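Asks: Could you put together the complete structure from these sequences and hints?
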Amino acid sequence: MNDAKLLAGSDACVFGALAAGVRFFAGYPITPSSEIANLFARELPKLGGKFMQMEDEIASMGAVIGASCAGLKAITATSGPGFSLKQENIGFAAEAEIPCVIINVMRYGPSTGLPTTSSQGDFMQTRWGTHGDHAIIVIAPYTAREAYRETGRAVNLSERYRIPVIILLDEILSHLRERVEFKEEDIVTVIDRKGPVPGTPYLPYEDTDDMIPPFAGFGDGYRYHITGLIHDKTGFPTSDPGTIDRVMRRMNGKLDYYRDKIVRVKYVDVDNADVLIVAFGSVARSAEEVVRSMKKAGKRVGLLRPVTLWPFPDREIREAAAGKRAVIVPEMNLGQMVREVERAVAGTVPIHPLNRIDGGLITPHEISDLIEELL
Amino acid sequence: MDAIHRKYLRMDKLPHIWCPGCGNGIIMGSFIRAIDRLGYDQDSVAAVSGIGCSGRITGYMDFNTLHTTHGRALAFATGLKMAKPGLKVFVFMGDGDATAIGGNHLIHACRRNIDMTAIIFNNHIYGMTGGQYSPTTPRDAYATTAPYGTMDPHFDIAKLCVGAGASYVARGTSYHAKMLTDLIVEGAEHKGFSVIEIITHCPVNFGRRNELETPVDMLLWQKDHALRMAKAAKMTDDELKDRFVIGRIHRADIPEYVEEYDRLIEMVRKGDTDRG
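Chains A and B, in that order, are what the protein sequence lines are.
First residue of the first sequence: 1, per our numbering; consecutive thereafter.
First residue of the second sequence: 1001, per our numbering; consecutive thereafter.
If you are wondering where the hints come from, they were derived from the structure by calculation, not from laboratory data.
No experiment lies behind these values; they were computed from the predicted model shown.
Cβ coordinates follow ideal geometry from the N, Cα and C atoms, glycine included.
Treat the hints with care, since some could be wrong.
As the list claims (entries may be wrong) - Facing chain A, according to a computed beta carbon distance under 7 angstroms, are these residues of chain B, among others:
#, residue
1, 1046
2, 1064
3, 1066
4, 1069
5, 1072
6, 1075
7, 1076
8, 1079
9, 1083
10, 1084
11, 1087
12, 1105
13, 1268
Replies: Written out as structure tokens, the structure reads:
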């Protein structure tokens, strides 16, 4: 782990996924995420894994779920329009509780938008892209090094909790090549999904104490049914109101129950700050620079960087914002995360959005200018 | 119910949701008889289905069963088979499922040639949603979305699959149930992607709007309009109008995708970098 590497964010995602045991990728070419598919195509066969270039985005998501049902750790990568197309099958994975990871490299939209520029316009779509109530986890790294570790974590969270996990990159992070020195803490431990207990009757959607039903792979000797219909603990469709309520509350409740194990935030100089910035992804790199440069000028600015975007770290943000003169939320969209921040802070501190939607990164200057105005 | 039903059906899930007189039960019967004849261990069989009346078949059969999203059964099945090549994968779809919303997956599955068997229930209509016309509804037939008769030309599924490169294509009917079992056996034993198109009947949402009042009328229509390949070869285009060929239509020996991929893995692990 000691040698330094030159890695793009996209490369780091691939190696992090492989380190966590991913052995299946299915995808479809799309800018700016194609490099991820390219690298999986080269690396997977070396490990005995399989790469599939499917006929479209929908098929890629379907194949990933199919491979996961057979017991392989599976992943796909896409961007805006492709992410929209994948939504129905992401909902299937949520409803049937099939572990899988989706990397979404954000470009500006809607529609074809600005394919080669950066954006954070999918913040809300990652949470609410598919129809219906569902559990989903979203993680947004901000460097190549973190992309490695967090993609590994994404695979592990998905396998452990049987929840689809989305890695949210933006075009800048995906393409930016940087020197990465991996340290001990970057080692990805492999976590496997929980299997059935041999010798006991298998209930594929059993309401266990830990809320995570054991997963049997197809062909492992447990014949059972997987469906996107609302099902009872046997896996078969049900229309019984009491059962539907119980099953759906368990499925969605996993997020609340394991919230503290899933949520990860990073703090920079938050405690004594007058102004708090809340930013994620590549914008958090600009924000980090602002904290550094303004500190030199004797100004106290802090950064709270959500690494986990969903479940949203509302408690952490509320605590960090307490007593501050202002909270600044810079994001490359017209104001999506800021709504969640407003919900978390609930009117106790003034909140200032800072939005850029021309495909360019929000610069440190843009953020520091706003802070100067406020101070 | 005899022993074969008790062995392969999930008896506690019956009765099924299909309408009285539906052809789907005949197809399910032919299928489990085919599995019995093939001697496959139930644990090694994966049955994957899409959405619609046909999609419900997986719930009733005692295998590894996966009921997916509309049109996408082949995509899920592709991942399943690639991940665990030892599984015997069967994919059940309806005509709208396979050739409208799932048409792209069908042609690419044909092209790729992964060793699995697609079983397409062609009843020429969207049954579950109440009788809307599908890509295989015959021109001028009536449907709830074609109250004046359809104007859309229709697909010939078998021909479409041959054209897309499937290595085995056959057509059966719900009337010729014994032949259907033979075709499923042959398709399953074929190494590569096999398609069995089944002309079946939907009395409730197709027949009663199209002068085929009862299920029996619909089955007799199949009997009267189906032709063996050899017989069809001797007939003129005019005589063949409104008739269709049944039996094995196409078989080709083409490299199978999963085996090819395993060879690729072996090659890459030896350090070679060029398949050619």
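Asks: State for each hint whether it applies.
Replies: Cross-check of the supplied hints:
1. 1046: holds (5 angstroms)
2. 1064: holds (4 angstroms)
3. 1066: holds (5 angstroms)
4. 1069: With Cβ-Cβ at 5 angstroms, under 7 angstroms, it holds.
5. 1072: holds (4 angstroms)
6. 1075: Interface hint status for residue 1075 (chain B): holds (3 angstroms vs cutoff 7 angstroms).
7. 1076: It holds, given that the least Cβ distance between residue 1076 (chain B) and chain A is near 4 angstroms, below 7 angstroms.
8. 1079: holds (3 angstroms)
9. 1083: holds (4 angstroms)
10. 1084: holds (4 angstroms)
11. 1087: Status holds, d = 5 angstroms.
12. 1105: It holds, given that the least Cβ distance between residue 1105 (chain B) and chain A is near 6 angstroms, below 7 angstroms.
13. 1268: With a closest approach of 4 angstroms, the residue 1268 (chain B) hint holds.
Going down the numbered hints, you'll see the structure goes against none, and every one checks out.
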